[in-house]
Amino acid sequence: MLNDLIKGAKKYATTNPAAKKAGIPEGMYLQCPKCKKSIYKVDLKAQLGVCPHCSYYYPLSPRARIFAIVDKGSFNELDKEMMSVNPLDFPDYEKKLVNYIDKTDQKEAVITGTALIDGQETVIGVMDSRFMMGSMGSVVGEKLTRAIEYATSKKLPVIIFTASGGARMQEGIFSLMQMAKTSAALARHDENGLLYISVLTDPTTGGVTASFAMLGDIILAEPGALIGFAGPRVIEQTIKQKLPEGFQRAEFLLDHGMIDAIVKRPDMRETLACLLKLHQKEGK
Amino acid sequence: MEDIRERIDALGEAINQLSQLNETPEIANEITRLKAVVYKLEKKAGTLYDPWDKVKIARKIERPRAQFYINSIVTDFVELHGDRAFKDDKAIIGGIGKIDGHTVTIIVQNKGNTAKENIERNFGMPHPEGYRKALRLMKQAEKFSRPVVCLIDTPGAYCGIGAEERGQGEAIARNLLEMARLKVPIVSGIIGEGGSGGALALGVADRVFMQANTTYSILSPEGFASILWKDSNRAKEAAGIMKITARDLLEYGIIDDIVEEPVGGAHKEPLQAANALKEYIVSQLNELTQKDVHTLVEDRYERFRQYGAFYEEEL
Chain R
1 MLNDLIKGAK
11 KYATTNPAAK
21 KAGIPEGMYL
31 QCPKCKKSIY
41 KVDLKAQLGV
51 CPHCSYYYPL
61 SPRARIFAIV
71 DKGSFNELDK
81 EMMSVNPLDF
91 PDYEKKLVNY
101 IDKTDQKEAV
111 ITGTALIDGQ
121 ETVIGVMDSR
131 FMMGSMGSVV
141 GEKLTRAIEY
151 ATSKKLPVII
161 FTASGGARMQ
171 EGIFSLMQMA
181 KTSAALARHD
191 ENGLLYISVL
201 TDPTTGGVTA
211 SFAMLGDIIL
221 AEPGALIGFA
231 GPRVIEQTIK
241 QKLPEGFQRA
251 EFLLDHGMID
261 AIVKRPDMRE
271 TLACLLKLHQ
281 KEGK
Chain U
1 MEDIRERIDA
11 LGEAINQLSQ
21 LNETPEIANE
31 ITRLKAVVYK
41 LEKKAGTLYD
51 PWDKVKIARK
61 IERPRAQFYI
71 NSIVTDFVEL
81 HGDRAFKDDK
91 AIIGGIGKID
101 GHTVTIIVQN
111 KGNTAKENIE
121 RNFGMPHPEG
131 YRKALRLMKQ
141 AEKFSRPVVC
151 LIDTPGAYCG
161 IGAEERGQGE
171 AIARNLLEMA
181 RLKVPIVSGI
191 IGEGGSGGAL
201 ALGVADRVFM
211 QANTTYSILS
221 PEGFASILWK
231 DSNRAKEAAG
241 IMKITARDLL
251 EYGIIDDIVE
261 EPVGGAHKEP
271 LQAANALKEY
281 IVSQLNELTQ
291 KDVHTLVEDR
301 YERFRQYGAF
311 YEEEL
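Read top to bottom, the protein sequences are chains R and U.
Going by this note's numbering, the final residue of the first sequence carries number 284, and the count climbs one at a time with no gaps.
Going by this note's numbering, the final residue of the second sequence carries number 315, and the count climbs one at a time with no gaps.
Think of the hints as simulated: they come from the structure by calculation, not from any bench.
Please note that a few of the clues may not be correct.
Said to hold, decoys possible - Label-pair distances were calculated between CB atoms; the ranges are:
#	chain 1	residue 1	chain 2	residue 2	range
1	U	Gln140	R	Gly246	16 to 22 Å
2	R	Lys155	U	Gly101	42 to 48 Å
3	R	Gly246	U	Lys116	33 to 39 Å
4	R	Lys154	U	Ile61	49 to 55 Å
5	R	Asn99	U	Val78	54 to 60 Å
6	U	Lys40	R	His256	54 to 60 Å
7	R	Glu77	U	Gly240	37 to 43 Å
Said to hold, decoys possible - Here are the computed lysine to aspartate or glutamate pairs in the DMTMM-like style, where the Cα-Cα straight-line distance is at most 20 Å:
#	chain 1	residue 1	chain 2	residue 2
8	R	Lys80	U	Glu312
9	U	Lys230	R	Asp92
10	U	Lys183	R	Asp190
11	U	Lys236	R	Asp118
12	R	Lys96	U	Glu312
13	U	Lys236	R	Asp89
14	R	Lys281	R	Glu121
15	R	Lys242	U	Glu178
16	R	Lys277	R	Asp267
17	U	Lys56	U	Glu222
18	R	Lys154	R	Asp118
19	U	Lys139	U	Glu178
20	U	Lys143	R	Glu191
Unchecked claim - Computed footprint of chain R on chain U; a stretch qualifies when at least three of its residues, placed anywhere within it, have a C-beta under 8 Å from a C-beta of chain R:
#	segment
21	107-121
22	162-168
23	254-264
Glycine is no exception: its CB is placed at the ideal position from the N, C-alpha and C atoms.
Sequences and hints are given; from them, build the entire structure.
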C-alpha cells in the first residue's frame, strides 16, 4: 500500500501548472465568490489573491504565500519529502492522500523552511487549506515540530501561517497527539526567549486553534478569517440557534481580545519585517 | 456475544422482580445465585467487548464519577474554585488533598449521575474558564512542589458562543504548553470518556492510564461518522475503526497502563474500582517523585515528541 502511495506521488509531482501553484482557479477571468464581479486573473495575482472590487481573500497556496513574504530566493525548504502513512489502516486513506497530492502539487498540508524577511533570518511554516482541509496529521505535526526545534537550536524566530479544519480524522489519536507535540516544542522555544508569531488565515479551527495557532507571542490574522475551536456548524447544532453575523471572524476575535492585530495581506511582509526587527537583540 | 448480552439482561430483569417480592431466605438465595450467574456471564462478555460496548460502558450514567473517586481515595480534600478571571466552571473540580502519603493537586472533569447533576456539571464539558482554573491550580502545584493528578471524563470541550468568545482554543493550547514543562510529576488518566482536545488539555502527563472500559479519541464516534460519512448513525461502525479502546492505545504507546475495572464495569463495584485506581496512582507517584525535575520534564518531552507516523526517505 505504501508503495502505491509513493509511486503515485512521484508520478504526480512532476506536473506543475502555474495556476495550480498560485492556488487560483484556471481561466483568464473569474468571478469573485463574494461580490460576483469578474476579475482579470493577472490582476488577482498582482493583488496577492485579494479581489480588487470587494477585498475578498482567496486562499493562497503556501508557495505563493512564501513568495509574497520572504526575500527573493531566500527560502530553504526543510523536510520536503516527508509524507503521511496510514497508522490506523484507515480505509481509503492512501487513495485520498494521492488525490490531494495530485490536486495541490504538495506532499502534505504544511511547508516549512528557513528564509530571510527584509534580511532577517527566520523559520517559517505555511499551512495549505487545500490539502485535505489543511488537517493536522503526523506529518504536519512532525514538520512543524522539527522546524520549531531547529529554530530553538539556532536561536531563530518562528512564523507560522495557519489554515486548517482541525485534526486529521484518518490518523485518529496520532493526530490528537500532534497538538501536544507542537505545543511542547513551542514551550522550549519560548523558554529560550525566542519570538513566535502566528498568523491566522481562513479557516483556522479545531486542533490547530487549540494548539500552536493560539500560542503566538504575537497573534496576527488576515481580515475576515474564520477562527475558532469548534466550527460554526457544530456550534449551531449544539446550541440549536443561529450564530450572529461575523461570529468567529478575525474582527470578532480582535474585539474579544483574542488576537493582537488584523493585518491586510499586502501589508503582511512589512509588518512581519518590522516585528522581527523590534525583537532583534541589542548589538546584533 | 448477542446471546450473552440477552441472557444478562433477562437475568437482570429476573433479579429485579425477585428483589421486589417480600424477602424470604429462599428468595435471597435465589438472588445470590442469579447474581453469581450474571457475574460469570459478564466476565465472559468482558473479554468479548467490542469498541462500541466500551463506549456504552464508558458513558453509563451510573458510572462512578471523579467526585466519587475524590471522596473515596483523597483525604483532607480542600476544593479550590475559580479561574480568577471569569467564573468557576463546575465541569472541572480542583483542589488539594492527600492520596496515601502524597500531598497532591487533583484536577478532574466531573459528569453527573443524574440528569440534574449533569446539567449542573454541563455533562463534563468544560468552558475555557475550566481549563484556566486547571492551569491556575497546576501552576500553584508547581510553586509548592506537589504532584498533579488529573482524572479525565469528558465528551469534549464545550462548543458554544461563550466558549468561543472567551477563547476555548487558546485555553486548551495554553494547558498543553504549560503542562509540557510543568516542574512537578503529573499522572493523568481516563475514567470514562476521553474526548478530543478537551481531554488532552488535562492529559499531557508523565504517566497516562485508562481504566479498562474507557475510550480516548480524537472525536466522538458520532462526530467522526458525521464528518466522514455525513451520518452520525454509523457511530458503532466508526468506533470499530477509530482505535479508541484502552488496549489499542496501550499497543500504540499512547498510554502506559490499563487500570482494571470490576467485572461488568466500574459501576458494578465502585469501591473496588476506586481501590484499584488508588493503588495505581500511589505506585506511580512513588516512582515519579524519585525523579529529579530535569529528567522528569525531559522524559515528558520525549514521550510526546515521538508520537506520529510518517515516511520520509528520498524518492
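Structure-based check of each hint:
1. Separated by about 38 Å at the C-beta atoms, Gln140/U and Gly246/R break the suggested range of 16 to 22 Å.
2. Distance hint check for Lys155/R and Gly101/U: the Cβ-Cβ separation is about 44 Å, which falls inside the suggested range of 42 to 48 Å.
3. Distance hint check for Gly246/R and Lys116/U: the Cβ-Cβ separation is about 36 Å, which falls inside the suggested range of 33 to 39 Å.
4. The hinted window of 49 to 55 Å between Lys154/R and Ile61/U holds, with their beta carbons roughly 54 Å apart.
5. Range check, Asn99/R to Val78/U: Cβ separation about 56 Å, and the 54 to 60 Å hint holds.
6. Distance hint for Lys40/U and His256/R: a CB-CB separation of about 57 Å, consistent with the stated range 54 to 60 Å.
7. A C-beta distance of roughly 39 Å is found between Glu77/R and Gly240/U, which places it inside the suggested range of 37 to 43 Å.
8. Distance restraint check for Lys80/R and Glu312/U: the Cα-Cα separation of roughly 8 Å lies within the 20 Å cut-off, and the hinted pair is therefore satisfied.
9. Between the alpha carbons of Lys230/U and Asp92/R the distance comes to roughly 16 Å, so the proposed pair stays at or under 20 Å and holds.
10. Between Lys183/U and Asp190/R the CA atoms are separated by roughly 16 Å; this keeps the pair inside 20 Å, and the hint holds.
11. A C-alpha spacing of about 54 Å is found between Lys236/U and Asp118/R, which places the hinted pair above 20 Å, so the restraint is violated.
12. For the given pair, Lys96/R sits about 19 Å from Glu312/U by alpha-carbon distance, which is consistent with the 20 Å threshold.
13. For a cut-off of 20 Å, the pair hint linking Lys236/U to Asp89/R stands: about 18 Å separates their Cα positions.
14. Restraint check: the Cα-Cα separation between Lys281/R and Glu121/R comes to about 13 Å, which is no more than 20 Å; the hinted pair holds.
15. As the CA atoms of Lys242/R and Glu178/U are separated by approximately 35 Å, the hinted pair breaks the 20 Å bound.
16. Annotation: proposed proximity of Lys277/R to Asp267/R holds, straight-line Cα distance about 16 Å (limit 20 Å).
17. Taking the CA atoms of Lys56/U and Glu222/U, the gap is about 12 Å. The hint holds against a cut of 20 Å.
18. Using a Cα cut-off of 20 Å, the hinted pair Lys154/R and Asp118/R holds, with the two alpha carbons roughly 19 Å apart.
19. For the hint pairing Lys139/U with Glu178/U, the CA-to-CA distance comes to about 8 Å; that is within 20 Å, so the pair holds.
20. Taking the CA atoms of Lys143/U and Glu191/R, the gap is near 18 Å; set against the 20 Å cutoff, the hint holds.
21. Residue count for the segment 107-121 of chain U with a Cβ under 8 Å from a Cβ of chain R: 0. That is fewer than the three needed, and the coverage hint is violated.
22. A count of 6 residues in the segment 162-168 of chain U with a Cβ less than 8 Å from any Cβ of chain R is obtained; the coverage claim is therefore met, three being the minimum.
23. With a cut-off of 8 Å between beta carbons, the segment 254-264 of chain U has 1 residues touching chain R; three or more are needed, and the interface restraint is violated.
When the structure is compared with the earlier hints, violations turn up for hints 1, 11, 15, 21, 23 and for no others.
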